[in-house]
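K.L.:
Here is what each chain is made of, one letter per residue.
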Amino acid sequence: MNDANPRPVNETVRRAQQGDHTAFRTLYETHVGRVYAVCLRLAGNASEAEEHAQDVFVRVWERLGTFRGDSAFSTWLHRLTVNEVLRARRTAGRRTARVTLAADPADLESAPASAPADGPAVSEDLTQAMSRLPEGARTVFVLHDVEGYQHDEIASMLDIAEGTSKAQLFRARRLLREMLGR
Amino acid sequence: MTCAEFAPLLDEYIDGGLPPEVARTVEDHLSGCDRCRAEVAGLRSVVADARALPRSVLPGRELWTGIEPRLAAEPTRSAVARPLLIRVRPLLLFAAALFLLLAGATLATVYQRSRAPMTGFALEQRRYVQATADLARRLADDPGHLSPSTRAVVERNLAIVDQAIREAEAALATDPGNTELEQMVLARYAQRLDLLRRATEAGRQES
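Protein chains in written order, with the numbering used here: chain Z, 1 to 182; chain H, 1001 to 1207.
If you're looking for bench data, these hints aren't it; they were derived computationally from the structure.
It is possible that part of the hints are untrue.
To be verified - One side of the interface only, derived from the structure: several residues of chain Z facing chain H at Cβ under 10 Å:
no., residue
1, Trp-61
2, Arg-68
3, Thr-81
4, Asn-83
5, Asp-145
Where a beta carbon is used, it is the ideal one built from N, C-alpha and C, also for glycine.
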């Protein structure tokens, strides 16, 4: 991720760093689907995910000056997205305000940009099942099995022990297996 | 070993994280246990579905309208300008003071150009830059007379703090938005500021 030599910064990113709103809009349109997918799976419901995604792009704008091209912009953005969602969730007020929303899986993944290999039905079943997981188990499952982070990275992000991350994954996979009848 | 004893190993077995000899033990058990074999198949199926989820999902409504009004006039630029301040290692404290004065003036210009209010880390970062520039002005106005040994101590400590700042900034650049790293960066800025303040005081006492 962190190359010895920074990559040349993409022209659109460079223009956005100079304060060009049009360039930033282009970045938004290019990346909103990826950012929203991460927010949706971590949050478990669409309304919270939309709010997170908006917060992420405001945060990106504030921090564009710190992007130096050490990694691809998409990698930098992905990590910022995960951090922003986790940061927001640590705020107790926001979390309690959203408990009721998280219980409703019906509004998930309204418009997938591309269908998975097994077709939309499988994706929808799994996504809805994921939204019914307890928050800790869902977070670890999304970070590990969907986004590909390792347990040591997840432990660091969530400020938990690596063993706790493994235990949450164990729990999440078995709950999902049961919900999906696998 | 019983099925219950094998259960905690199955996730790492699926993920390929078990040492070869342990993985072989699990495989031996699976070959004779329908229940554990079914569990492994079910878990593998869940993991495969998770990995096949679409990487991109479009939101059900346009989000840009809620983003654009919240954008400041310009994105944060201080991090682009800051390496000029941080990376130059002065030979002497007074050279550092002169450099900080010049850099402070440049950064003050950047600060005035950015018109919108800022919050959180970016705001703290900017306060640090301002405070450093103010201190540099005071050092230039009243440099005092540090002894060579005191100068050497100050230079050595500045070098250590600057290295720590570079490392923390590099970590933050690869993990943007990480609040713990932001706190680490700010703490080191504060450490640098404190060091310069104490150097100023020491110069006055020695003069």
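K.L.:
Taking the hints in turn, state whether each one holds.
P.N.:
Do the hints match the structure? See the list:
no.: 1; hint: Trp-61; verdict: holds (5 Å)
no.: 2; hint: Arg-68; verdict: holds (6 Å)
no.: 3; hint: Thr-81; verdict: holds (8 Å)
no.: 4; hint: Asn-83; verdict: holds (4 Å)
no.: 5; hint: Asp-145; verdict: holds (4 Å)
Figure legend: structure checked against the earlier numbered hints; every hint is met.
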